[in-house]
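Undergrad: Letter by letter, the chains look like this.
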Amino acid sequence: MGGTGAEKPVLIRWEEREGVKTPVRIDGRLPEQLRPIRIEVGVLGNADGSALVEYGATRVLAAVYGPREAVPRHVALPDRAIIRCRYHMAPFSTEERKTPAPTRREVELSKVIREALESVVLTEMYPRTSIDVYMEVLQSDGGTRTAAITAASLALADAGIAMRDLVAGVAVGKVDGILVLDINEVEDNYAEADMPVAMAPSLDKVLLLQLNGVLSHDEFIKALELARKGILEIYKLQKEALRKKYVEVETSVTG
Amino acid sequence: MPKLKRHTMETLLARGVRLDGRRLDEVRRIEIVPGYVEKAEGSALVRLGHTVVLAGVKTDIVAPFPDTPNDGVLVVHAEFVPLASPTFEPGPPDENAIELARVIDRSLREIRAVALDKLVLEPGKHVWRVFVDIYVLNHDGNLFDASMLASMAALMVTRLPKPVKTDNGYRVDRTKYTMLLPINHRVVSVTLAKISGKLIVDPTYEEEQVADTRLVIAVSDDGRIAGMQKTGMGSLSYNEVLNAVSIALNKAKTYLSVLEETVTPYRAKLEEELAKISEEGQEEQPPLIPKREHLETETIEQGEVVEEAAEGESEKVE
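Listed in order, the protein sequences are those of chains A and B. The opening position of the first sequence corresponds to residue 173 in our numbering, with each subsequent residue numbered one higher. The opening position of the second sequence corresponds to residue 127 in our numbering, with each subsequent residue numbered one higher.
Keep in mind the hints are simulated off the structure, nothing from the lab. Among the hints, a few may not be true.
[Stated by the list, open to error] To be clear about the criterion: a stretch of chain A counts as covered by chain B if any three or more of its residues have a C-beta under 8 Å from a C-beta of chain B, and this derived list gives those stretches: (1) 269-279; (2) 363-377; (3) 391-398; (4) 402-409.
[Said to hold, decoys possible] Each computed EDC-like pair below joins lysine to aspartate or glutamate, with the alpha-carbon atoms no more than 20 Å apart: (5) A:K401 <-> B:E366; (6) A:K283 <-> B:E205; (7) B:K302 <-> B:E397; (8) A:K417 <-> A:D337; (9) A:K270 <-> B:D193; (10) A:K270 <-> A:E357; (11) B:K129 <-> A:D251; (12) B:K324 <-> A:D376; (13) A:K283 <-> A:E268; (14) B:K288 <-> B:E248; (15) A:K283 <-> A:E267; (16) A:K283 <-> B:E221.
Everything numeric in this text was worked out from a predicted model, so none of it was measured. All C-beta atoms, glycine included, are put in the ideal place defined by N, C-alpha and C.
Chain A with its partners taken away, still in its complex shape:
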């Protein structure tokens, strides 16, 4: 948000579709439509678990190392694992080069993502260890934190870490007065609101919720509902991607 120096593009066009005036977004999507989502699990050789998630042009790689010995030792907890998270954007992932040093934004997002994952991982099963989750945004086109958490939960599952549920995230925005699902970067730059949400869908639990912008009470209720709808779609894709990996493993073994 805050805009850019450039002239504001037309973000919502009203088109006649099957006789109905329909709002169409700058990338041709309908308001309640996700971008094409691609999910791949187990993409890195060294990591205990990994996943690549794309929401349109947004591309995030997540890797999990652990449970492993916590270093330094004093950070370890006697009754459960600690989770450490790093959300980081590659310098080349943005329009202008982003400094590789962690920014205040990245510190905050790493914190809220960690807190979200902590409530689904059965940390009590891995006392005195640390589970390290690294998320690298390779290309940023809006919704990076929600793509990152979607990827992180898959990487945790891929590492075989016990979890209560997967976590899926999506951002809902308000663009030219219209609530839109899975906001992209151009929309975000001019949006009246951007609301990233992550949930554990089967538990119906909200694990991450931020609102950057202004919404009325009614708009908020609708936005949260829209987010849940998107999250359930992504959840389905997550499960498919996990299954696909194990089918591949099976065929490679049994031939």
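Fit chain B to the known structure of chain A by using the hints.
TA: Just chain B now, kept in the frame of chain A:
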């Protein structure tokens, strides 16, 4: 926290009562001292129960950000100074301080609480930069709401010093003030904590230690949601989120009325003084420093305050 205390807290909550005697949706006693630091362009000390937060505003003149040439610059920064709590350590702001500052920054920025478009001296070249520095002085829970109140109060009583044109820009003459910081909206935040399935407003430090999670909801004076952040481990159910937002929209009125009763009159008084000075002529203008009488503590009772909470320790900062 001792298990016994946690147990007591949870048993009480099941009956709708809290350890300090408050109802689930009751905020602690609020006290705001506007203009606490005379040297700052604006400041406010806020006591929320035993939580004490001081916010100070300083200004300077800089080049605007290239993407917003017609806007002044707002910077929010928070320090959890080690004197405020045994859990705070010296050093650069940790993730908690960064999160707090960023949530407050967003809640003020997105709704344009400060009229940044009126802080431009020369578009694209020279604009005011407004720093809000949040100093937590005593941590007894709910730093978000206390810091938001302190920041908002400090901004409401901020006077801009006189800009003086120089060869290559402007310098600031801090012996003279020209105008009050233009404010579009007053924004407060309402923090709810979830403890054993119950939502409580304005958690104390002890309650935060027990809480599953917290949801911070910023609300503007026109009843819109200006920002939100789930903070802390744990989760909220979908319906709990909706519930929390309804409670927050309602409770925000309590905070807003405190601002109205203590800070708005102080702002009016500053405005009067500024008007008087500009009538008397610019040159022999005396520095506008709030007189001591303004600093009298103004207290507003929020419902019944339990005896023990009222006497308590005396971590007054003066």
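Undergrad: The structure should be examined with respect to each hint, and the outcome stated for every one.
TA: Against the structure, the hints:
1. 269-279: holds (count 3)
2. 363-377: Since 7 is at least three, the answer is holds.
3. 391-398: Since 3 is at least three, the answer is holds.
4. 402-409: With 0 residues closer than 8 Å to chain B, the region 402-409 of chain A misses the three-residue bar; violated.
5. A:K401 <-> B:E366: Holds, at roughly 18 Å.
6. A:K283 <-> B:E205: The given pair, whose Cα atoms are some 17 Å apart, holds under the 20 Å limit.
7. B:K302 <-> B:E397: holds, 14 Å
8. A:K417 <-> A:D337: With Cα atoms ~18 Å apart, K417 (chain A) and D337 (chain A) stay inside 20 Å; holds.
9. A:K270 <-> B:D193: Status holds; Cα separation ~16 Å.
10. A:K270 <-> A:E357: It holds: about 15 Å lies between the C-alpha atoms, which stays within 20 Å.
11. B:K129 <-> A:D251: Satisfied, since the Cα-Cα distance of roughly 16 Å is no more than 20 Å.
12. B:K324 <-> A:D376: holds, 17 Å
13. A:K283 <-> A:E268: With a Cα-Cα distance of about 25 Å, the restraint between K283 (chain A) and E268 (chain A) is violated, given a limit of 20 Å.
14. B:K288 <-> B:E248: It holds: about 15 Å lies between the C-alpha atoms, which stays within 20 Å.
15. A:K283 <-> A:E267: Given pair K283 (chain A), E267 (chain A) is violated - Cα atoms ~25 Å apart, limit 20 Å.
16. A:K283 <-> B:E221: holds, 7 Å
Checked against the numbered hints above, the structure breaks hints 4, 13 and 15 and satisfies the rest.
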